[in-house]
Every structure is written in structure tokens, then in C-alpha cells.
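Trainee: Chain residues, written in single-letter form:
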Amino acid sequence: MPDVHVTIDGTEIAVPSGSTVLEAARIAGIEVDTLCDHPAIEPIGACRICLVEVEKQRALQPACTFPVSDGMVVHTRSEKVVGARKFVLQLLFSERNHFCMFCQMSGSCELQNLAYKYELDHWQFNRPMPTYAVDASREYFVMDHNRCILCRRCIRVCDELVGNGTLGLKNRGADAVIIADLDVPFGESSCISCGTCLQVCPTGALMDRASAYMGASDQVERVKSRCMGCPVGCGTELVVRDGQVIRVEGDWDAEPNKGLLCVVGRFDPQHEVRERVRKPLVRQGDAWSIADGEAAYGLVAEKVAAAGDSVATVASGFVTLEEAQALGSAVRGRKFYMYDLPQTDRTATMADLDEADLFIVTEMDLSLDFQVAGMAVKRGVRKRGARLILVGEGENGLADWASMRVGRADLAKVIAMAKSAERPVVVSGPAGLAAAREIVSAVPAASLASFAPGGNGRGLCDAGFGQTYAGDAAKVTVVVAGETSQVEPGLLDALKKQEFVVVVASYREPWDQVADVILPMPTAFEKSGTTVCADGQAGQVVAAMSTRVPTLEATIGMVAEAIR
Amino acid sequence: MVLEQTKTEDRAAFDEGPLEEILDSFSAQEGAVIPILQRAQQAYGYLPEEALRMISKRTGFSLAQLYGVATFYSQFYLQRRGRHVINICDGTACHVKGAPRLVTTLEEELGIKAGETSPDYRVTLEVVYCLGSCALAPMAVIDGQVYGRLVPEKVLKLVRELD
Amino acid sequence: MTEPIYRANVLVCAGTGCASSGSRSTMAALEAEVQRRGLQNEVRVVETGCRGFCAMGPIVIVYPEGIFYCQVKPEDVEELVEETLVKGRVVSRLVYEVPDTQQAVPLYEQIPFYSKQQRITLRNCGVIDPESIDEYIARGGYEALGKVLQEMTPSQVIDEVKASGLRGRGGAGFLTGLKWQFTAQAAGDIKYVVCNADEGDPGAFMDRSILEGDPHSVIEGMMICGYSVGAHEGYIYCRAEYPLAIKRLHLAIEKAHEYGLMGKDIFGSGFDFELIVKEGAGAFVCGEETALIASVEGRRGEPRPRPPFPANQGLWDRPTNVNNVKSYANVAQIIRNGAEWFSKIGTPKSPGTAIFALTGKVQNTGLIEVPMGITLREIIYDIGGGVPDGKQFKAVQTGGPLGGCLPASGLDLQVDFDSLRAAGAVMGSGGMIVVDEDTCMVEFCKYFLTFATAESCGKCVPCRVGGRRMLELLTRISEGQGTMADIEMIEEIARGMDSDSLCALGQLTPGPVLSALRYFRDEFEAHVLEGRCPAKQCVALTSFYIDPAACKGCGICKRACPVQVIEGDRRMIHIINQDGCIKCGTCQEVCPFDSVIKLSGETIEVPTELIPVGSFGK
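Protein chains in written order, with this note's numbering: chain A, 1 to 564; chain B, 1 to 163; chain C, 1 to 618.
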């Protein structure tokens, strides 16, 4: 697109035609305040905070929606503009309960920041203070309508990004209220607890239970990292105060997830209830005792040394590439991956999901696994009108989004439909892989997005853990579990049959059922390393907090030391 | 309390047939949600929750969107209404010519507030803005029939005559 | 089958006004009477659309003479047929009388209500049977469509409409031809034309009358527009509260299809056009074009910022031309009679006519069509017959709840888009409400503001919150709790809403208050400074007293008082206990001696205990 020339606050710049005034101002390095606008969603021009003066326009115009045109002259800080923003802020402060000192968002609130910036030092208008019931029916977060400014960011992210459409607005005018589904409590709604609404709420209306009152924005640090929960490999921002991760947010700049997370990545770590392993544990009959380091590492060293090559090492998806390499060079015997192996013949990236006009999901429920990929499917259906075919029987959380459900036997029909689509993408887990491959091979335009359990499956394959563990017998079995909770009963049964089982894990459960020795291991918040996503892209896991738990490399070193 | 009871009552009785037909007749039209809601309301007298769920499934509009639409427009009702519906016009002309007194008269007579339905579902009383017959002010529409130049006694008589 | 040649046509108005005063039964009685006398081959009874003079309904006009009968009941029919249709005489008791002079005016053209009107947009309303496409065609209908499709290029059509100077009748007054040009020039294969028939102003019913009385004129206008902008599909968004209009639109569309005037390859020109009627669901804000589009798409009727304008990105993001009913209804005549003809009507900058729903405190309420440039005085006094009951004219509100009011000093203002706007009122979609001395301007503003805030969609902050805050302040003033600072704050909110709101609803919501403050500020100040409501309408500031000199001690008021706060006995002077009085005014209504008086800001001396009639002050 050709550039147009605009003058903003006296600075003339060239910006791509089709830009909004807000985008143009950003290019010019001029900050225009916003409230309902959010870069990840479509602007709606509702809150009127970003009003600017555009010469030759009768009224003030919202910068977030107003398109630039050649020769346009814009004033973003004129007296009229400042007056309008103060007016809007005063009205907002008069509408519901905005007594900042009682709010957990004080210090991190976009509304409060604007009030300081525009020097609101008294209430100008009458405050009727309507009272709305606080909706605390959700497990992870609370909705306090009394602090809501009706900017609709929550509704828009739920609709435009997550594709879930849980949130909406009831009534009109001053009676408007945010609702879930048919105005039911959030906890009884179709909400999937992805928490995206929480992340975008500019005020304290949506409150994270775990991190409420734990730190304002100027008291915390943010560390960009990666989620190791599944191979989507979502970029995260770990919010840290005093060496503790108090909250996880999605990284808007990260490619696969563009700011989104699922309940597993966002909330599970903060709500972990399993007992942490900080010291080595040794089984004595049915009882466990905390062993001093030397004794435990010595016991493991003894068993490993005696086993010779009869050692099986099983890694979960929470093992980084660097950890895997350290294991590979230090431990003899065979190396296994804990789950089904990831496929390297996949051809679709997460970005491809956002261009698909037809999704075919084979034998998989994307509302339970790889949820962020499921969100791409949902938003494709809702926002772009893409179609979704679910292959396979049984309950499926995406059924409401599907235009068709077929059995495994009806693949011919699916293939015919895929042939008439422009950009069909087949999404599959291990169970549906055969069907998925059949479709992809029959339809040249189709690409495959396959997901296997575990965050760093591809990295582990690359590091030599390219075989799925199936209970292979060994004198010593070393399970490098990390914080995984995704454990099949079959795996536990198989491990129970082994002679001697060493588990390196962050949490005691469920390994205390099968292990002889449990050694501590850092969580993904406590270590740095590389993880490889399902589409082959590498991501960096970055330690956000320090720990006295030894790194896996250090544990390996201590065992090696003991052997010597 | 009453509300809860009717909800369960209605749920047991919800007949999908009429809505099925309505949905079929609009299946080819894009964005026909409002006409579908209008026809559904004609069929059921209001918009039962089950109807909204069915419409959501068939049109791809989310439940929250449908609820948002149904509560945005004053024509839609999410609760069961009376057998008779009285609309008192409070448009400018009617207001000036005494509509508020018609409303209070009926509120007293029926023991309900404007916007409510009597507990026996006999009558729903509503105040509406201008129905476009200002020359007949003050006026009311009772079950679709227009009555003009009303006084409290006349409107009372009309309402008492309803079964 | 050939139609007989009738010697007389009896036109019965079946507009909503007349219908609700019983024109259906009158019509049925007329048909039966004509049959009974075997006149059915000589006399034809025709049901027509609105005649405009709704206060006088049911209206019956007998042609060829043009005898105008008003308030014709079924029991009048026998005499009417006997006298007028058989003997050729006028039934004088059914003839219109000028209220002040009692002068009888038997002929339609001579009735003052009609004599200053110029019916162009409404030319067929009340004249033809709106359910008959033949009658529309007989009056030159679909000629313009034929001409356009066979002789004109789309750009010629647009040039003609531009040259006529027609301005959008929805209220804003944007040049219709220019709007069409924008849509025509917009990129895209699929375009739409949309007719805004979501007439929601309380007090306005002109769109309804056109749709009910002459639906084909709107349809023809839309099709001409469709041809010129390149659209093949149209939507009419009509209020669901107008069932008759909707029914007649459906019928008209069906007939047009039957006659090959709609559908594929119209007049062999290759032009296709289809029309769909969408019913509104009760939201005033849907009169705003982007909200209307959202509603047609099945969403909440919330406006969105413009640009992009619907001409570029409208219905389903495609180029869309949205015009009001009245705008489309003018188009066919402009094409048939030429742009020059139209541009000579009215004023140079606002050519054509204006339609107003004249209501409130005027003798002749109803629908009127007048050339632009006429003065308000001519409308209210010459056509409207002035204020009834000997009361004083106080103000006229134009543009409905988003308009503004003008005082008596504004009566000589010319009615057109620009001069009304300059005076703080607006053309709006054409409501015109006259109020007299009994109306309190504070309460009047409160009424409009209550309406506008209830209709705010709630999307933008200034409208959603500002309207509420302003209403609270006005309420305080009307309750005698206001301060002068409150008046200033109202003005501040009003300015903010005007400049910062997203759509015209929010921008214009303060209009009535601002104009009232401009012209009737003293009335607001009387509420604030003196605790007095000059019109004696604000309940909190008024009280009822029984004039001790006039009370006859009859006890009627005491019995009628709903809260039993009147003390009295036979032949004793009655006293109202001010503490318990709810000021319902029942006592004043029932008193046969007019001895109950209503006061504001003052009191009178009354006895403190029961004393015999006639003894007070002695």
C-alpha cells in the first residue's frame, strides 16, 4: 500500500495508507491514550479516551478507528482533546465503584493510571453507586461488575481470539452488564478458564485469585519464557515478585499463541497441590524417608553401576533439550520418551491454522488437549466462517463448532470435502494419525498439524529419546519426570514391575507409588533451556525464580561422582 | 420463587416442533437471527431458554450473543407473559394528555408495576413509547387492538372485561 | 373483466389513526349500504392510506365533488349514502367545522388544514387504494423506473437526483444524490440499498403513513437507487410496531413481482432487483444507519464509528446506500418531473417539502406536508389552527427527543434544514410538538432525556453515562433540590456529549435541554432559586388548596381523595392536609365549584380548623 502523509502534533510522517490515526501516531512515536482498545483485537471506538482532533472534522474522532488520509492534520494533545478525555474519565469514575484504594489492581490499573495522568483530583459528577453481585463462581478468577467499565475487551478476546463466545453483554445503555452464556454464573458457563479475559481487563473487574494483592505492576518483574505443558509451546510472561512467580500471562509477541494460554499453562502451576520434592526420598518398605544427599545418590550410583547397560531412561515432555543431552552423554543404556512420539512429517504451523478454510480434526478433543490449537480452530469457525469436520465418535468439546461429524469409516466423504476446500488443515493426535495421513495423502492442498503429548517431545527425539517407553525391562529404570502430571495408569503398572526405579521429579505424586528413589528436579519456572514445539520451532525456557533444588545436570554430576 | 417454578414447568413442556419449522424456513438466510427470535416469540409467547439454545446450535450465534440481542431490543421477552398484553403509550402527546394516570390506575387495579405480569399470567402491563397515533392521545393497545382518547375509567372497564 | 365506470368514489381513510377510531366498521357499513341500495356498479368504496387529519377520523371523502366528512360512524352511513350518493346533497352535520368560527367547510380543498399544504411525497396517500398496484400505476407509478431502466445510465440518474438538490429526509439533510454517488463509486460487486423505516421518534408517524398509504412509491425509489448504485438487493427495515405498513409492503412487493416490475430482467433491461422486509425489534438507536445495519445482520443494534461509511462498508461489509422512507418516496417524482421541477419547490438550499407529524397542543393534529421555507407560524396557526382552549402558545419542539424547542419569538423562522439547526432545533425526522403554558420545560426536557437515555445503546461512555448524570441533575431541579451549579453542570455534560459521543443519538441527546436552557432559562432558575414551577407541573413544587371563599362544603373532594387527607364536614370549609397530599389532582377534577386551586411557590391562607361555609375571614 502506498504511503500517505499526515501531520500529528506538528510532526509530518509517512504511514501506510489504511492505517488508523492511532497506528500512525505510534509510528511517529506519539503516545495516544486508549482504554477499550487492545492491539490484539479489532478496535471499536467505544470508550472515547483516544479521541483526537482531526482538522476539518466537526467532532472529535477516535484515533483507534479513524483512518488516515493524505494531508490530514491531527492534534492529540490540544485543550479540546484533554478536556474530552477528562470528561470521559470523570463519567467513568461516576458510573460504578471506582474507589481505588480498595482494589487489588490499584497501581496496575489502566483507568487509575489515566486518572493520575489527567490529574483527576476530585469527583465531578454524582455517583449513584449501583451495587452488582460479585461473581466468584469461577475457580481461578473473580468477576466484580462494580469495577467494570464496559470496555468489552473480555467479550472481544473471548470471541475474536479464543473463539469461545462465552462472554457477552445484556441489556442496553446504562443497564448493560457483562454476562456469560444466558446470564449464568461464570462457573456454570461454557467458559474454558483460559483466562484471556483476565489478562486484558484494564481494571480490577476481573481478578486473578492466586495473585490478587500480591504485587502491583511496579513491584513485579516479567520474564518471557515458554510453557512446557504441551507441544504448542506457548510463549509466556512469568510475573515475578520477590523471587516467586505469582502469575502466568500469555506473551502477545509469541508466534504460536499470540498472547493466548490455556488453563494448564496459565493457572495449573499456581494451583499445584502436589507435594514438592526438595530433598532426595528413599523408600523403605512402604514408608518414605528423606535421605541425606550422599546416601541417596550413593544408592542410585550403586544400582546404576551394577546394572551395566541394562538401564532404561524415560523422559517426560518437561525435559529440556539441554537436560536431554546431559542425560544422553552421562547415562548408558536405552533412552525412551514417556508418550507417543511426535511426528516430523507435519506441514502446518500454528499460523496455517489461522488461514484454513476447512479444519478436519481426527479422533481428538481439542478442548481437552492442545487447547490453544483448539482456540485457533474455534476462532477460524466463528470469525472466518471456516468449516470444521470432526472425525470419530464420542463426546467432543468442539462439537458445537463443527458443521459435520463423521465416523472413521466415512473418510471418503471427508476427503471429497477437503478436495473442494482451498486450505484444508488436518489436525490430529496420535490416535487419529492414520486417518489424518490418509486424508493428507489424498488431498494435495491439505496440510497436517499433528500433536503428541508432552511439551518437548521433538527436542527429546532429536536428543536420542526417539522411542516410546512400553515397559521395557531393565535392571535400573530412570524416569526423568519433571513436573508432569500426565501419567497413564499403564505406565505406573509397567514401572511397578521393574527391579529398581529412580524418578527425578518436581513433585512426589504419583511417583511415590512406583519409585525406589525420588530425586528432586526444578520446575520449568526454575530452569532455562530449549524446547522444540510441534512445528519444529525452538523456544527458550527462561528461569524466573531461583531454587535450591539441584539442576538435572547437577544431579547427574552427583550420581557420577558417587559412582567414581 | 415463582420464576423458578415456571422455569421447570416450561422445561418439561418445551415443544421443539414449532421452532424446528421456523429454523428450517430461515436456513438459507444470512443473519436472520432477529426474525427467528421474532417468530419464536410468536410461537411460544416469549423466548424460553430451550429456544435460545436451539437457535444458538443452528445459527452459530453464541448463547451470549443471542442473550445480548434478546435483551437489547425491547420487543423480546425472556419470561412468560400474560394472556393479555396491555401497552400504554407514554409518547409525548399521550404523556401530555394524561398517560401517567392511566398507568397508575392500572397498576393499582392489577397490583403489579408496569413491565410486570400478574401472578396468574392473566395480564402483562407495559408502558411503551409512541405508537404513532398521537392524535388519539392518550392511547393504549390491548391485545393488538388500539384504543384512543382514554380516561382512567374507560381503561379500567376495558381491562376488567378481559377474561 | 372490465371495470364499470363509477359515477362516484367514496374514499375511506384506513391509516392507523382512522383505523383506531373505527374506520374499518365505517368502511364495512358503507359497502353494505351501497350493496343494499344496488349502487355497487355506480359507486365504489375505496380503502385508502392516511389523509393526515387524524384528529378528525374516521375520514370519508366523496368524489368527484371532494366532500370531506369527518368522524363518520357506522350509524352515520345510511344518511350519508341516502343524502350524498342518492340525492346529491351534503350532510352538514358530518362536515368539518373550523373550531373558532364554527364555519362549516364541506370541500376538502377548502379546509384550512389542507389549504396551505403541498402534497408531493404524500400525493398518493389517502387518494389511492394502497393495496392496488393498478391505482399506483394509474397515477404515474413505475413510469420513472421504466424511464430510468430504458433511457438513462446510472450516472445520469445520480446526476438528476443531485441536480434536484434532494436532501436526506432522515434528519441530517445530507445530499441524497451525493450519497448515491459514493455507493456507486465504491469498489465491490455486491451492493445493497437499504430503506430506513425505523421511525422511532415519539410523536412522528410520517414514514408509517407513507408505507401504509403509498408503499410502491418507496419501492420504486429504492429500485431506481439500486439501478444507479449497482445494487440488486434491497432491505426495508421497518418497525415491528407498524404491522399494517409491513403487511402492505409485503403485498406491494408481491404485486410488483406479479407485474414483472421486480425480480429478473425488469422491463427487459437486464436489471434484476429483489426486496426483503426486515422487522425492527424495538430499539430507537437502530434509526442510526450503522446500528440499523448491525440489526439487519442479526446483532445488537449498536452504532460503530464512521468512517468507514456504509457507502463503502455497510451491510455485510459491502457498499450500502441507506436512505429514509421519505427520501426514497421523492425519487420517482424527481425522475418523472425532472430535477428542475423539484428544485423550484421549497427553498434553494432545502428544496422540496417537509412532512411533519403535528401533535400536542394544537387544534388540528395530524400529518402535514408543507413546502420548505414555510414559517412555523403558518404551520401552527394556519394549518394547525393554533393552541386550543384559549391557552398561550409556549414552545414548539421539532426533531423529537433529539431535537430542540423554539419559543414564540421563533415562530417566524423558516422551516428548512439549516435555519432550524442554527436556532438550536433540528429538522430531525419530522416530529413537531406544540406545547402550551401548562407544560413545564424542565419536566418536558426530563421526559425527552428519559426517553433518550433508555434508548442509549450503552456502547460509548459519554452517551451511556453522561445521559444518566444529566437526567439526575434535571430530576433534582424538578424536585426543587437543584442549584445554579447544577444548571452549569448540565451544560458542561451537554457539550461533552455533543462533541464526544459515538453517534448522533449521544450527540443530539442534550439538544432539548440545551435549547430549553437557551430560551427558557428563567423557568429553570425559577425551579432552583424560588422553588417554583411556573407551569405548575413539577409535583414536588406544587400544592393543592381549597379556596375557603369558594368551598361549598359538599364533601365530593373528601370522598374522592384517594389518600383521605381532606378534612371536612357538611357545609364546612374543607381543608387539605398538605403533609399527606400526594398531589394527584383528583380533588381539583371532581370539585363542581372549581374551588380547588393548584399553586407553586406560593400559598394561600386557609382555616386551621373546620368552620362553616362562608365564615372564613369574618
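Read the hints as simulated data drawn from the structure, not as lab findings. All residues carry an ideal CB built from backbone N, CA and C; glycine is no exception. Among the hints, a few may not be true.
Restraint-style ranges between C-beta atoms, simulated for each label pair [to be verified]: (1) B:R83 / A:K117: 56 to 62 Å; (2) C:A422 / B:R83: 51 to 57 Å; (3) B:E109 / C:E609: 32 to 38 Å.
Trainee: Decide, hint by hint, whether the structure agrees.
Mentor: Hint check results:
{"no.": "1", "hint": "B:R83 / A:K117: 56 to 62 Å", "result": "holds, 58 Å"}
{"no.": "2", "hint": "C:A422 / B:R83: 51 to 57 Å", "result": "holds, 53 Å"}
{"no.": "3", "hint": "B:E109 / C:E609: 32 to 38 Å", "result": "holds, 36 Å"}
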